[in-house]
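*Asks:* Using the sequences plus the hints, can you model the full thing?
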Amino acid sequence: MQRRDLAKLILPLLLVVGGYALCRRSGTQGDSAVATSAVGGPTTSWGPLLSGLKQGDTIGEWTVQNLSFNKAPNGAPQLEIVFERKRSFVSVYVGRRENTVGAPIETQRYAVSHGHLDPQGEPIPEGASGQLAEKIAERIRANEATASAIPELQ
12 MQRRDLAKLI LPLLLVVGGY ALCRRSGTQG DSAVATSAVG GPTTSWGPLL
62 SGLKQGDTIG EWTVQNLSFN KAPNGAPQLE IVFERKRSFV SVYVGRRENT
112 VGAPIETQRY AVSHGHLDPQ GEPIPEGASG QLAEKIAERI RANEATASAI
162 PELQ
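Just so you know, we're using my numbering here: the sequence shown kicks off at 12 and counts up by one.
No lab work stands behind these hints: they were computed from the structure.
Don't be surprised by glycine CBs; every beta carbon is placed ideally from N, CA and C.
Any given hint could turn out to be false.
Stated by the list, open to error - With a cut-off of at most 30 Å between alpha-carbon atoms, the simulated DSSO-like pairs for lysine-lysine come out as follows:
(1) K146 / K82
(2) K82 / K97
(3) K146 / K65
Said to hold, decoys possible - Estimated spans, in silico, between C-beta atoms of each pair:
(4) N81 / G141: 15 to 25 Å
(5) T74 / G138: 12 to 22 Å
(6) E117 / G86: 16 to 26 Å
(7) E133 / G86: 31 to 41 Å
(8) R152 / A87: 16 to 26 Å
(9) G126 / K97: 13 to 23 Å
(10) P130 / P84: 18 to 28 Å
(11) Q165 / G138: 27 to 37 Å
*Replies:* Put into structure tokens, the structure is as follows:
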């Protein structure tokens, strides 16, 4: 087996193990941002804003692989939503509008951007990441007037 073939097998496994570890760590510490599985789980801080979006849900042909908080390049907190389609991955990022610079999509309180295309499987269709970002923005627009702010993005 060639080194490249081995890398293609190991990376998806690392993503699954890492996602599981993140879910377990968050769940045991009582974090309000616990990632959920496709069969349900704890209420998440982003749930009301994103119409209950959770791991395993689909938007078009894309499946939500993971939702987690991390830091944007400018150091501001952001929610990263990783989508998978035919072993290729796309990330959509949600941050507070006042903490984000240059995001292509803005709502009343949030900025939505996209990136980190990882075409491990089939090629990612052109414009797919932008379309996913717009779908996330639609969910935010529909709920941001009534949903509580996501505390992890403060």
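*Asks:* In ascending order, which of the hints set out earlier in this document are inconsistent with the structure?
*Replies:* When the structure is compared with the hints, none of them turns out to be violated.
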